[in-house]
Amino acid sequence: MSMSPPTLQVAEASEEDAAGVRVLRPRRAAPADAVRPTRAEVNLAHLRHNLRVLERSLGAARPAIWGVLKADAYGHGAPAVARTLERAGIPGLCVALLEEGMELRAAGIRIPILVMGGYYGPRRDGLEEIFAHDLTPVVYDPGQIDRIATLARGAGRPIGVHLKADTGMARLGASPGELDDVFDAIAQHPEVRLEGLMTHLACADDDDLSSTTRQLAAFTKIQERAAARGILPRIRHAANSAGMLRLPGARLDMVRPGIALFGVHPCPDLSEPDPVVGDLRPVMRVRTEIVALRTVPEGESIGYGHTWRAGRESRIATIPMGYADGLSRQLSNRGHALVRGRRVPIVGTVSMDLTMIDVTDVPGARVIDEAVLLGSQEGPLGKDVISAAEIATHMGTISWEVLTSISRRVPRFYREP
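Oh and the sequence shown: position 31 is 22 in our numbering, straight run, nothing missing.
What the hints contain is simulated information worked out from the structure, not anything from laboratory work. Careful, some of the hints might be misleading.
[What the hints assert, rightly or not] As a list, the in silico SDA-like pairs of lysine to any residue whose alpha-carbon atoms are at most 20 Å apart:
1. K212 x E182
2. K61 x R399
3. K374 x A356
4. K212 x L170
5. K61 x H124
6. K61 x K374
7. K61 x E77
8. K61 x I389
9. K212 x D171
10. K61 x P273
11. K61 x R27
12. K212 x S166
[Unchecked claim] Across the chosen pairs, the derived CB separations fall in these ranges:
13. P371 x V282: 13 to 23 Å
14. P239 x R101: 23 to 33 Å
15. G296 x P167: 48 to 58 Å
16. F122 x E369: 42 to 52 Å
17. D125 x G240: 31 to 41 Å
Keep in mind that this is a model prediction, so the values were computed, not measured. In this text, a Cβ means the ideal position worked out from N, Cα and C, and glycines have one as well.
Turn these sequences into a full structure, and let the hints guide you.
Okay, structure coming up:
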């Protein structure tokens, strides 16, 4: 497989804040600097494919798709992912943090970027960066609107915002009781243009969609309240990956898929089949190589805490990946790897930098053999896949955490579409 490094490698950067304190921002490990064989392979052709699958799933009355690239594009590397989606024609992107939006602008991304986290620093400096980088902020209280209006007047130009309404998530957003104050602030500041009205669905991946239906009904009432005040946002949006795939009524003017773009089922516990999700392709594959092999006699224990004891004479391989790389310690004695196309168990406690796997049942296993921890492998002994959902089940968590936990010291190698 031919893999190429991303076009942009963000070097270690530094800047001074208002108090003159130098802030260092460490870069991700670069492919050109990689010595050990551990790496995450990101297939950008699969990313483009997934975008097309999601577009087709929306039918004729197609709302806009804005891809959610928060948390470094779910661990895949936001700059390279954003460039691929921009070239594929996606009309906009969403991030959680102001810093994430600034990173994408530094990478040359020019399409609209919505900053959904709603936090821009205790002073005005964050909002000034919103202006400087042509980002669109999400707001939810009158104070934010007042501060943005002051900056907009100073800059001599208006700024568009999206208002987040809380319909049941109870995390961020203006509650129904606070909306009138927010609407008043918008009416008082014409230099702040309300371009979007949004909410966030809390339970769109549940079997029971009744609470999601109530949220959407509450959002409809909020739209009616805004319209009664003469406030008519151009874009209304609510649906995440699960919402866009399961609830056509949640699609509105725009949808915000995140995990589905990366080929991961947003509702892995649902009983009904989903043909759309079946067409998605995982974008990330994590692999390393065996660096040591030893024979462990029956009855001997291995690893920190001696949590695994050989029930037979065993062939144990060591791979250079551990919990500091995102291979969770929760996978000790329960996770798996793929070697020569065959599934093998992780044995002993996952260490910070190294992990052991039992290759006793893998004929011909040797040093430098590939070991896949996430994704597919085809080898002389067969073909198998370890999915993010499978890993999440072993960890007692969700696929989102599995992907975003792959650390910055694991270099990303990109296959261009």
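Quick rundown of the hints versus the structure:
1. A hinted pair counts as satisfied when its Cα atoms are at most 20 Å apart, and K212 with E182 does not qualify at roughly 26 Å.
2. At roughly 15 Å between alpha-carbon atoms, K61 and R399 fall within 20 Å of each other, so this suggested pair holds.
3. Under the criterion of a C-alpha separation no larger than 20 Å, the hint pairing K374 with A356 is consistent with the structure, at around 15 Å.
4. For the hint linking K212 to L170, the alpha-carbon distance of about 12 Å falls within 20 Å, and the restraint holds.
5. Restraint check: the Cα-Cα separation between K61 and H124 comes to about 17 Å, which is no more than 20 Å; the hinted pair holds.
6. Among the hinted pairs, K61 with K374 is inconsistent with the structure: their alpha-carbon atoms are about 32 Å apart, more than 20 Å.
7. For the proposed pair K61 and E77, the alpha carbon gap of about 16 Å is at most 20 Å, so the pair holds.
8. This hinted pair checks out: K61 and I389 have alpha carbons roughly 16 Å apart, not beyond 20 Å.
9. The straight-line distance between the Cα atoms of K212 and D171 is roughly 13 Å, inside the 20 Å bound, and the hint therefore holds.
10. Restraint check: the Cα-Cα separation between K61 and P273 comes to about 18 Å, which is no more than 20 Å; the hinted pair holds.
11. With a CA separation close to 28 Å, the supplied pair K61 and R27 exceeds the 20 Å bound.
12. Pair hint K212 plus S166 holds up; C-alpha atoms about 12 Å apart against a cutoff of 20 Å.
13. A beta carbon spacing of about 20 Å between P371 and V282 agrees with the range 13 to 23 Å that was offered as a hint.
14. Hint check: P239 to R101, Cβ distance near 31 Å, so the stated range 23 to 33 Å holds.
15. Checked against the hint of 48 to 58 Å, the pair G296 and P167 passes, with Cβ atoms roughly 52 Å apart.
16. A C-beta distance of roughly 51 Å is found between F122 and E369, which places it inside the suggested range of 42 to 52 Å.
17. Separation of D125 from G240 is about 32 Å and conforms to the stated range, judged on CB atoms against 31 to 41 Å.
Consistency note: the structure conflicts with the earlier hints numbered 1, 6, 11.
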